[in-house]
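Student: Next come the chains, spelled out residue by residue.
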Amino acid sequence: MRLALKELRRRPGRFGVATVILTLIAILLMFLGGLLDGLTAGNTGAIRAQQADLIVFSATSQDSLVRSRIDPEQRRKVEQVDGVKTVGEIGSVQLGGRIEGRGLRDLVPVVLFGYQAASKGLPAPPTSLGEAWADDSLEAEGIEQGDMILVGPARSPVKVTGFVSDTRYAGQSTLWASLETWRKVQNENRPDARVAPGVSQALVVQAPAANQAGLATRIDEATGGNTSSLTEDEAINALPGVSSQQSVFNQIIGLTVLIAIIVVALFFALITVERIGLYGVLKALGAGSGTLFAGVLLQAVIVTLIASVIGALAALAFAAAIPAGSIPFIATGPRIAGSTFFLLLAAVIGCAFSLRRVLKVDPATAIGGGQ
Amino acid sequence: MFLALREMRRAKVRFALLISAIGLLVLLILAQQAIQTGLITSFIGAIERQSAPVLVYSVDGQRTLQGSIITPPLEKKIRSTEGIATSGRIGQGTFTVKVNDEPEDSDAAIIGYTDPAVGAPDQLTTGRLPNRPGESVGSDNDFKLGDRVRVLGPGGPDQATETIEIVGLADDAQLQVTPTLFVEWPDYVASVKSANPDAGGILPSAIGAAPVPGLDPETLAGRINDASDEADALTRQAAADETPGVAEVSQSFQVIFLLFGMVVPLVTGLFFLIITLQKSGSLTLLRAIGAKSSLLVRSLMVQVVLVIGGGLAVGIALYTPLSQAQLGDIKLSFDVGAVLLWSVLLLVLGLLSAVVAARRVLAIDPIEATTGEGGR
Chain A
671 MRLALKELRR RPGRFGVATV ILTLIAILLM FLGGLLDGLT AGNTGAIRAQ
721 QADLIVFSAT SQDSLVRSRI DPEQRRKVEQ VDGVKTVGEI GSVQLGGRIE
771 GRGLRDLVPV VLFGYQAASK GLPAPPTSLG EAWADDSLEA EGIEQGDMIL
821 VGPARSPVKV TGFVSDTRYA GQSTLWASLE TWRKVQNENR PDARVAPGVS
871 QALVVQAPAA NQAGLATRID EATGGNTSSL TEDEAINALP GVSSQQSVFN
921 QIIGLTVLIA IIVVALFFAL ITVERIGLYG VLKALGAGSG TLFAGVLLQA
971 VIVTLIASVI GALAALAFAA AIPAGSIPFI ATGPRIAGST FFLLLAAVIG
1021 CAFSLRRVLK VDPATAIGGG Q
Chain B
33 MFLALREMRR AKVRFALLIS AIGLLVLLIL AQQAIQTGLI TSFIGAIERQ
83 SAPVLVYSVD GQRTLQGSII TPPLEKKIRS TEGIATSGRI GQGTFTVKVN
133 DEPEDSDAAI IGYTDPAVGA PDQLTTGRLP NRPGESVGSD NDFKLGDRVR
183 VLGPGGPDQA TETIEIVGLA DDAQLQVTPT LFVEWPDYVA SVKSANPDAG
233 GILPSAIGAA PVPGLDPETL AGRINDASDE ADALTRQAAA DETPGVAEVS
283 QSFQVIFLLF GMVVPLVTGL FFLIITLQKS GSLTLLRAIG AKSSLLVRSL
333 MVQVVLVIGG GLAVGIALYT PLSQAQLGDI KLSFDVGAVL LWSVLLLVLG
383 LLSAVVAARR VLAIDPIEAT TGEGGR
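Sequences listed follow chains A and B, in order.
Numbers 671 to 1041, taken from our numbering, label the letters of the first sequence in order.
Numbers 33 to 408, taken from our numbering, label the letters of the second sequence in order.
Take the hints with a grain of salt, since some may be wrong.
As the list claims (entries may be wrong) - Facing chain A, according to a computed beta carbon distance under 8 Å, are these residues of chain B, among others: (1) 125; (2) 136; (3) 139; (4) 286; (5) 287; (6) 295; (7) 302; (8) 394.
Stated by the list, open to error - Think about it this way: if two alpha-carbon atoms lie no more than 27 Å apart in a straight line, the pair counts; the simulated DSS-like pairs of lysine-lysine are: (9) B:311 x A:953; (10) A:829 x A:854; (11) B:324 x B:176; (12) B:324 x A:747; (13) B:225 x B:44; (14) B:324 x A:854; (15) A:854 x B:311; (16) A:676 x A:1030.
Unchecked claim - Here are a few chain B residues that face chain A, going by a calculated C-beta distance under 7 Å: (17) 83; (18) 91; (19) 232; (20) 250.
Worth flagging that the hints you see were computed from the coordinates, not collected in a lab.
Please read all numbers here as calculations on a predicted model, not as lab measurements.
Ideal placement from N, C-alpha and C gives every residue a C-beta, glycine not left out.
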């Protein structure tokens, strides 16, 4: 072990190539993870902000908010289901927003939500028609409290009364208004998606923990199969592109870990080949195969840890440096810890390929017995 | 050559393993390339397939059919632009449908057009364009001729009012990776009303336009944009390329390809470096008995070419049947250009990666054969 550490201290250059490659891989891994977390947060913030126990869509909507329609009769049936504590309506419309002082073609894509119930993620909706809370990502677009945004081709005015955090949806900034404001904006701008008074797109259901078992089924039965009730996680996974985005990114991350395994395996195989003679001498002097392999493993772990620390610092620096709302990137502790764990695992697995070589070293080669 | 082949024959397992590893990497690269092409085609195929040389969105639409609404005043301005030979309405929506009374509901994008010359598919693989109400052309990997599609509304299948029959099929005609139908305008309007009985007047999502003879589509798009600040006119290809999401998908795959581009030469280079080190004693001996460095380096390079060539052959052989498959809603295809590009690229990168091993060979000092230390 001490020998391995001494070699690292005395000949750091020997490990330079592996450290550089692993550092690049660590940066790539943490950057990809951060990008995935940022994209997921930007797609799902509006649903997470509901803190809902269940979200109820119409049965034929394929759990898509824009295609879902819930009428007052269905809402009444849901409210009467045993175990339901509160029911709030929600609706959304995606439009272009015009901000004063910007070019005629320079629009900001926004999703205007109408909602009823306050949650941990959202204050109560503004009471005045045409007023809305804005997601704080709009601050990066120069929006301030009191500003007016003209949304959609009908230029419906929406006044920003304050800001909320982490409520983005479909990668776009959001505005949070009353249901009346949403219906007005929706009907003015999207006649094909017009909603009648009292109609919303989905219901946000809260229920005490003790009543949640089987609640989704009870709700769907109570509405005669006209609804599809999902947990918050299920509703997030039903969002277009979220699960495919996660699967593509996880595939890239998996591939990167595989590359790390190959790099460690090949690099330490190379180092082992170079040191075969030395290992012969050490074995002749009484060193066991286990000790020699532990030394190789320790070197791999240290090189990987150095690479991971540099990668983590780079990810944190990147997250701090990017302007809000520009690149969807988040550097979180769990993501950095997870990436480091996978890299260490890759180092251990990669090193294991050198074990056979170390075991095969014959001490007799040290005194010329192998020639 | 003789030396290279003789060594490969003697160490069959080692070289076969490397060839297999490179073959699998080649397969992964080509499969990812096919997925990327298939995904992008499924995302924007319908825009490339529709016949209008120029598509005009509203600026509010952010270059998507789903977000764009053409108001009557904007439509009037667009249609009166000088240089338009033909123009027509194009509408698009995504609906929940039931195909042939299958138990599961599914999604379908429905594209409606008023003039087949500017909105219908430009080519069909089979069948014909709709000429009666209730007929449509469907994307050919999702539908077959004679399929009946019911557009579902809030009341479910029992209250569905719009049924469409597939009378033609078009290749690469999906939108947003969703099975896609091209219908005449009245059927599009009926579909919207069926899905949302509260819908008001149905406005077009875009206007398809064709320029007069002698005017190119790009110039016409420019003229339309000059005519109105609310119009966002693009040529057909630009409309496809600039659809939000296309660039992001391409960038994600570029990262994967960059990783592969790194790993293949890395694996090849380190492999040959290791075996060069392992046989340095023999190489020193060969140098001592008169073998020239150039002969040994040539032998090394022949092995690199054979290993990468073998890997490419294995990878392409495995890719060929895979490229005929369908991945969910995404249709894959054999991409000759991608195969050629990656073959040349990997061969060049592989040869470059072997330079380190070649330098080791060149550094061998024959005199060390007398000391038994080789060329380390």
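Student: Does each hint fit the structure? Answer for all of them.
Tutor: Consistency of the hints with the structure:
1. Annotation: interface hint on residue 125 (chain B) holds; nearest CB of chain A at approximately 7 Å, less than 8 Å.
2. Proximity of residue 136 (chain B) to chain A is violated relative to the hint, the smallest CB-CB distance being about 10 Å (cut-off 8 Å).
3. Interface hint at residue 139 (chain B): satisfied, since its Cβ lies 6 Å from the closest Cβ of chain A, which is below the 8 Å cut-off.
4. Evaluation of the residue 286 (chain B) hint against chain A yields a violated restraint, the C-beta minimum of about 11 Å exceeding 8 Å.
5. Look at residue 287 (chain B): its Cβ gets to within about 6 Å of chain A, closer than 8 Å, so that hint holds up.
6. With its C-beta approaching chain A no nearer than about 5 Å, residue 295 (chain B) sits inside the 8 Å limit, and its interface hint holds.
7. Hint on residue 302 (chain B) holds. Least Cβ distance to chain A is approximately 4 Å, under the 8 Å limit.
8. Evaluation of the residue 394 (chain B) hint against chain A yields a violated restraint, the C-beta minimum of about 18 Å exceeding 8 Å.
9. A C-alpha spacing of about 23 Å is found between residue 311 (chain B) and residue 953 (chain A), which places the hinted pair at or below 27 Å, so the restraint holds.
10. A hinted pair counts as satisfied when its Cα atoms are at most 27 Å apart, and residue 829 (chain A) with residue 854 (chain A) qualifies at roughly 14 Å.
11. Taken as a hint, the residue 324 (chain B) and residue 176 (chain B) pair is broken in the structure, with Cα atoms around 67 Å apart against an allowance of 27 Å.
12. Straight-line distance between C-alpha atoms of residue 324 (chain B) and residue 747 (chain A) comes to about 90 Å, which puts the hinted pair past the 27 Å bound.
13. With a C-alpha separation of about 68 Å, the suggested pair residue 225 (chain B) and residue 44 (chain B) falls outside the 27 Å cut-off, and the hint is violated.
14. Taking the CA atoms of residue 324 (chain B) and residue 854 (chain A), the gap is about 85 Å. The hint is violated against a cut of 27 Å.
15. Proximity of residue 854 (chain A) to residue 311 (chain B) is assessed by CA-CA distance (about 80 Å); at most 27 Å being required, the pair is judged violated.
16. A distance of roughly 24 Å separates the Cα atoms of residue 676 (chain A) and residue 1030 (chain A); the hinted pair therefore holds under the 27 Å criterion.
17. Annotation: residue 83 (chain B) was flagged as interfacial toward chain A, and the flag is violated, the nearest CB pair being 23 Å apart, outside 7 Å.
18. A distance limit of 7 Å between C-beta atoms decides the matter here; for residue 91 (chain B) the minimum to chain A is near 5 Å, and the interface restraint holds.
19. Of the supplied interface hints, the one on residue 232 (chain B) holds, with its beta-carbon coming within about 4 Å of a beta-carbon of chain A, less than 7 Å.
20. Because the closest C-beta pair between residue 250 (chain B) and chain A is about 18 Å apart, greater than 7 Å, the hint is violated.
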